[in-house]
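Listed below are the residues making up each chain.
There are 2 protein chains.
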Amino acid sequence: MTQPLRIYLAGPEVFLPEAKEMGEKKKALCLKYGFMGKFPLDNELILDDKPHENGLKISRANEELIDGCQLVIANITPFRGPSADAGTIFEIGYACARGLPVFAYSNTKVLFTERTVSYFGLSRDPATGVIRDHHHMNVENFTMVENLMIDGGIEASKGKIFRINVPEDELYTNLKGFKACLNAAYKLFAKP
Amino acid sequence: MTQPLRIYLAGPEVFLPEAKEMGEKKKALCLKYGFMGKFPLDNELILDDKPHENGLKISRANEELIDGCQLVIANITPFRGPSADAGTIFEIGYACARGLPVFAYSNTKVLFTERTVSYFGLSRDPATGVIRDHHHMNVENFTMVENLMIDGGIEASKGKIFRINVPEDELYTNLKGFKACLNAAYKLFAKP
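Chains A and B, in that order, are what the protein sequence lines are. Numbering (the numbering used here) for the first sequence: 695 to 886. Numbering (the numbering used here) for the second sequence: 695 to 886.
Incorrect hints may have been included.
Given that identical chains are not distinguished, each listed pair holds provided it fits within a single copy or across any two copies.
To be verified - With a straight-line cut-off of 27 angstroms between C-alpha atoms, the simulated DSSO-like cross-links for lysine-lysine are: (1) K751 to K870; (2) K744 to K854; (3) K803 to K751; (4) K852 to K751; (5) K719 to K744; (6) K852 to K744; (7) K854 to K751; (8) K803 to K744; (9) K852 to K714; (10) K873 to K744.
Keep in mind that the hints were calculated from the coordinates and are not lab data.
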């Protein structure tokens, strides 16, 4: 009997008021595809009153959780700015280096450059075509969903990024993109 | 004759108008400590008029550059929001999974939670002590420099994070924190 493949469920859902419930929803969807989902809050850690030590424990436990998985599905919906959640980005890089396929979804179809331009009210220099931010730093323009290391890492991992538009009040809860990732992961691993 | 240890130089400097000059400055400082610095723009890539393909090429070349290094020094100064540059965060995760020690510096002493609170004008619930953002999502509070995956990953890698305050107009160019990283890296590798 073969063990189900384990998927690390990366994303900012851990910060939702109903984080655990969202984890359970995602894990139930994984099961429908024959996968076993692993959610960061599954770790049962003994935390005390030292916040820094607790943070280190959670980080270590999450890394170990990824190490025990065969793939990652990451929610890269923009979080507190034009980019995805910092912890999620770290985990994508970590998983790519570990050789795990990473599938990702973003709950907006707007690409990275356009998000950055609109978030900060920037404009393109009509003469050079270059976009600079308020620190005169160049805004990369590679028609990508995220910073090129993320799109490139995911592509090289044999994963894929899905973008969909969702209603504003479902930005961090809509699971249509997550299902698209599950479907693609299922196809990747079902290949003979 | 031993080869000098190679350091991947991660950070948002690649977006500076004078990016190449900054890379040369950092590489010169590495040499003073007997290290060889590798800057993303060192890659000599043949790019054409397909932005997406170009982005993938750069990503692949940067991953290979990290693979050829023995450690990483990352500039995690907040970039376009409370968190570090997305590409830099990916590279830290990637390097941690590859087992490379990662040293990092931030050109502000303000910690992650306080940066997030002040950037978005949030406040702590006086009854529960919990901080929520405008999407009601929890703001993590672990007295860390960044999201806990970054602080935790760096700590586990045997690296270290340095924080210093710099004048506003030197936010992305001041190299005092970079030198602190070099010094710490030197000590780590000089250990008998």
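Here is how each hint holds up against the structure:
With identical chains, the CA atoms of K751 and K870 are never at most 27 angstroms apart, being 32 angstroms at best within one copy and 30 angstroms at best between copies. In this assembly of identical chains, K744 and K854 lie within 27 angstroms of each other by CA distance solely across copies; the values are 19 angstroms between and 39 angstroms within a copy. For the homomeric pair K803 and K751, the shortest alpha-carbon distance between copies (23 angstroms) is at most 27 angstroms, but the shortest distance inside one copy (35 angstroms) is not. Taking the closest pair of Cα atoms, K852 and K751 come within 27 angstroms of each other only across two copies (15 angstroms); inside a single copy the shortest separation is 30 angstroms, beyond that limit.
Taking CA atoms no more than 27 angstroms apart as the test, K719 paired with K744 passes in neither setting, with 31 angstroms inside one copy and 39 angstroms between copies. Taking the shortest alpha-carbon separations for K852 and K744, only the inter-copy value of 21 angstroms comes in at or below 27 angstroms, while the best intra-copy value is 40 angstroms. In this homomeric assembly, K854 and K751 come within 27 angstroms of each other (Cα to Cα) only across copies, at 17 angstroms, whereas the closest approach inside a single copy is 30 angstroms. When the C-alpha separation of K803 and K744 is checked against a cutoff of 27 angstroms, the pair qualifies only between copies, where the shortest distance is 20 angstroms, while the shortest distance within a copy is 40 angstroms.
In the homo-oligomer, the alpha carbons of K852 and K714 never lie at most 27 angstroms apart, since the shortest distance is 29 angstroms inside one protomer and 32 angstroms across protomers. Proximity of K873 and K744 under a CA criterion of 27 angstroms is satisfied in neither setting, with 38 angstroms inside one chain copy and 30 angstroms between copies.
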